[in-house]
Amino acid sequence: MSGHYRTASGGIDLERSRPIRFEFDGQAYQGLQGDTLASALLANGVHLVGRSFKYHRPRGIMAAGPEDPNALVTVRRDAARSTPNLSAAQVELYEGLVAHSQNRWPSLRFDVGRINDLLSRFIPSGFYYKTFMWPRTAWHSLYEPRIRAAAGLGVAATEADPDVYAQRYGHCEVLIVGAGPAGLAAALTAARRGARVLLCDEQALPGGSLRADTGTRIDGKAATDWLRETMLELAQAQNVTVLTRTTAFGYLPHNMVCLSERLTDHLASPPASKPRERLWQVRARQVIFATGAIERPLVFPGNDRPGILLAGAARSFLNRFGVLPGRRVVILTAHDEAYRTALELQAAGAQIVALADLRARASGPLIDAARGAGLAIRRNTTAVGTRGNLRVCAVGLAAVDADGAAAGDTDWVSCDTLLMSGGYTPSVHLHSQGRGKLRWEETAQVFVPAEAGQSCRSVGACKGLTGAALAAVFNQAATAARDATTECGFEALPVTIAVSDDTSAGGGWLGTLPQAARPRGGKAFVDWQNDVTAADLGLAVREGFRSIEHIKRYTTTGMATDQGKTSNLNALAIAARQLGRTIPEVGLTTFRMPYLPVGFGGLAGYARGELFAPLRKTPMYGWAAARGAVFEPVSMWQRARYFPERGEDMHQAVARECQVVRRSCGIFDATTLGKIEVAGPDAIEFMNRMYVNNWNSLAVGRCRYGILLRDDGFVFDDGVVARTAEDRLHVTTTTGGAPRVLGLMEDYLQTEWPQLKVWLTSTTEQWAVIAVQGPRARDVLEPLVEQADLSAASLPHMAMTRALVCGVPAMIFRVSFTGELGYEINVPADYGAEVWRAVWESGQAHGMCAYGTESMHVLRAEKGYIIVGQDTDGTMTPDDAGVGWAVGKSKSEFVGMVSLRKRALQDPNRKQLVGLLTADPRHVLEEGSQIAATPGQRPPMQLVGHVTSSYYSSVLRRSIALAVVNGGRSRMGETLYVPTPAGESAVTVTQPVFYDSKGERLNG
Amino acid sequence: MAEPAKRQPPSVAPLAGLRVLAPLARYALRVDLAVAAAAAAAAAAAGAGAGIMPLATAVCRASQLRDWHALWLGPDEQLLLGPAAAGAAFAAAVGNALQGVPHSLVDVSHRQGALEVSGPAAATLLNAACPLDLGLAATPVGFCSRTVFGKAEIVLWRRAEHAFQLEVWRSFLPYVHGLLTLAAAE
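Chains as they are written, first to last, in our numbering: chain A, 1 to 1004; chain B, 1005 to 1190.
Don't read these hints as lab results, they were simulated from the structure. Any given hint could turn out to be false.
[Claimed, not checked] So the derived list for chain A, only partly shown, Cβ under 7 Å to chain B, looks like this:
no.	residue
1	A268
2	P270
3	P275
4	G453
5	S455
6	Y606
7	P614
8	W753
9	L756
10	K757
11	W759
12	T761
13	D830
No experiment lies behind these values; they were computed from the predicted model shown. Glycine included, C-beta positions come from ideal geometry on N, C-alpha and C.
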């Protein structure tokens, strides 16, 4: 038995032969294959499924789709796979499913938090702004955490998500969102023309309202038969992709629609290889929205008890899942559709205790049929309250008088279910996300899509055809699809779908139901999920809020995970009435993506762990890793930081590496430096315009240290530039600066100087760069080099030559970032690892070590060589950084030149690069420390600079630091003070060169 | 003296329908296309460098001349691909043919590696992280373009309906390969 409320037959979503066991709040139940958690619970007579957000009121299943604001549950597979805040109507049942209710303690039936409901007059909307103001500091530490803990929904899993989430880019001529009658008609029309069609629907099975349609005949067939045949035709069409369980949640610029496809959540045991979800980014030439409409609840006191459902939802549960929501049903409606529900429920065995219609007049085939079936119809009737604790047991009905207020005695009608229908709100979310305009439809009292912001069309109920005859819907959808495909260049072919026995329905209600002058029935909810009542909205207006955006934020109406799908229009109507303005005057709040909540997993997709971002490695990475190098990320690169030997820590390893380099030599992987080939007859002219230096005097085969500024005059990047031919320069950049330097160069070349005959090619990865630095460097390399003379006379400091290294064509640059004799061997990258090994072996006779970026930093700091981005911070001129000598004095143009002339940039009191020596030679300053000119200051202190680089130098046997200090170069020998956690540290200002200040070692 | 070293392109694990191609010679050619075509024709007429230089003149299309392919990447940008062993001679011949024509010819043979993605699901697989429309109407055989694959820049070249060549900078190649492997796992 799959529940006492299951009908004997019917339910087209079901496989009745396949019972399924599941668990809700620890209790075992049985459902059927095809059930949702909501339908299975209702079949078992379970309405109470959650506690509300703020007042902890008992709440039940209200809708049959993802718009349900109440029935939010947590579905748990294991500790890592626990998903909160799922709509029970969206959770497909599988064998062994375990679900829990939320926001209750100790249990769903008895919840301590219910006290909030009794205290509700003390916690109106915005109460936290008023009550928790003092003391101010307590908001973050005390009030906010407590409020968040007391009011809340489900809890996310804390373990890492073990599932895979796929992503895919899709392209089609026509994307159709929604596979209800309108979407299917559009898909058939577009598909028969050969266009690529993508049809998606958030439900497990396509069909939308057709799945609950029992009367209409399409092309002479029952609606469900027509649906099956249509899906078969679409499945067989090569040019059509149908995605079910797929929610279109965002409509972005350039007709990009984001879809979230759920692949395994409905399976009892998902295959390990299959992704859990797939995020689609679909670029469509034309989009057709057939997203339907959402039934509106009615706003009256006590409208939130379990057992109170939307009328259309009850019909859906009955026809799709063979479930009766109850046996004694009261229907409260302002729309004809509820009559259809009443008739079908009665036919299925439920007793319709009363059918109350808010309208004074209602007519049409459905009303006639209801009367013919002997239903107890009460016109002009409102609800003034409900009774029942964990389930509704009675509803108070009263007549509406001529003034539109409840009058006369309240008739308490006992029931186990109350169905309500306030009409239908077109789902215009996606249309609006795409900057589409809306138009207020005065007769139907709804907003419908007007001008589209992009290439899209809306059809069917979302276009305002709610309750319309199916023939009109088909006709509109087919026309839209024909127009869309024609715009994509496909020939028009007529598609006709014949419809008979369909009926149209109308009606609707906005805002609060008629009440007595002093209503006493309790809270009338507008937004179930955020516990916002009609009174809250009234309060917001009384307290002076006028804009609907402010009212929304003050009351939080429409701000829950359902984004007000069932509540926004009622809230708007109530606010408008209070403000004495019309609904279009007040206007809607903005529709934002996502339409439905989307998991972070799907958004992250493949970008996790190793694949979060490219982890760039040089050809020598494997060698370094095998030698136990410790790596550090430098932009996207993994660089060897140091090479520890025999249990050394970083400081010991760096101390040893630095000493070996200065005494003998070291080998260093400089592959990551950016390299740009600047080639063409105007190469020198281009470099003259880009860099501060004068390049005319750079001879072929020579190198020069270049500085690049932004146009604001501040240092952007630096690096050695070699002239490798008359019309060709090999420009190196910092590791992290490579892409942005190329970008800046291209920017100027393409926009400022397009007439220059010069081209830029990134060669960063073409070359593996092996730096050999130290007094023995030449001895190490000479045996490996052919066709070049490495002697000081032939290849002096800042010269370059081509050669064969290990038989490989190479470029050798005699450059140094250590202050020692040094070479940088550039070999084509595929040869990098092998040449490195050869150099390493050659170096062993000379005591060579491998050193990493940390030693490189110390060695260059000993020489006062700056690192752009460490010793500069984007506000330093070349002069500030101590490299003003590089600026070509006679140049007429370079990027940033005009800015450098500004008086502020020539102020002698600007921060200038200096060296600092601590009084205590063992004390290594913290990088980033501030510097004071006088000792013993209390905050706020007068600060004159900050430390940019700081290391312990094993070569100098003391700490050294680089700093930028106001007017630093005129403070040589002065004592300054660096506040540290351990007290003030006195430092002496020095030149920034600590080692071999004459630079003699470079020329060895 | 040491022996000439052997080329070692970035290595990755094998997977059906996904393989790393053998090393190639590659040149980035930047030149005004019209001028270059005229120069090449003139050189060919004079018998110098005759028929050596492929030039792709159609937007986002590759053209072939014997062993060499030219991929159109921009109005003044071609990626020239050919056999690894023939690179130096080819570069010299192109340089010859373009003598007097302002241009930039840069050896990028080692800058990138090539991945081949093939099989009936190749386009679908690539669309896991490549935003291009890989329908045959938009990207026919011979199509080539600089594009992205996830967070890596690539050059995508459709060599057959179900076979694509991806030119990937070498340090990005393991990432692109890893992403393809993960996406192919389903």
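Against the structure, the hints:
1. The interface hint given for A268 (chain A) is violated, since its Cβ lies 19 Å from the closest Cβ of chain B, which is over the 7 Å cut-off.
2. Annotation: P270 (chain A) was flagged as interfacial toward chain B, and the flag is violated, the nearest CB pair being 11 Å apart, outside 7 Å.
3. The interface hint given for P275 (chain A) is met, as the beta carbon of that residue sits about 6 Å from the closest beta carbon of chain B, less than 7 Å.
4. Taken as an interface hint, G453 (chain A) does not check out: its beta carbon lies about 22 Å from the nearest beta carbon of chain B, beyond 7 Å.
5. This hint is violated: S455 (chain A) has a C-beta 15 Å from the nearest C-beta of chain B, more than the 7 Å allowed.
6. At about 6 Å, the closest approach between the beta carbon of Y606 (chain A) and any beta carbon in chain B falls short of 7 Å, and the interface hint on this residue holds.
7. Interface restraint check for P614 (chain A): the shortest CB-CB distance to chain B comes to about 4 Å, inside 7 Å, so the restraint holds.
8. For W753 (chain A), the interface hint is violated, the least distance from its beta-carbon to any beta-carbon of chain B being 14 Å, above 7 Å.
9. Annotation: interface hint on L756 (chain A) violated; nearest CB of chain B at approximately 10 Å, more than 7 Å.
10. A distance limit of 7 Å between C-beta atoms decides the matter here; for K757 (chain A) the minimum to chain B is near 4 Å, and the interface restraint holds.
11. Interface restraint check for W759 (chain A): the shortest CB-CB distance to chain B comes to about 4 Å, inside 7 Å, so the restraint holds.
12. Taking 7 Å as the C-beta contact cut-off toward chain B, the hint placing T761 (chain A) at the interface holds, the least distance being around 4 Å.
13. With its C-beta approaching chain B no nearer than about 4 Å, D830 (chain A) sits inside the 7 Å limit, and its interface hint holds.
Comparing the model with each numbered hint stated earlier shows that hints 1, 2, 4, 5, 8 and 9 do not hold.
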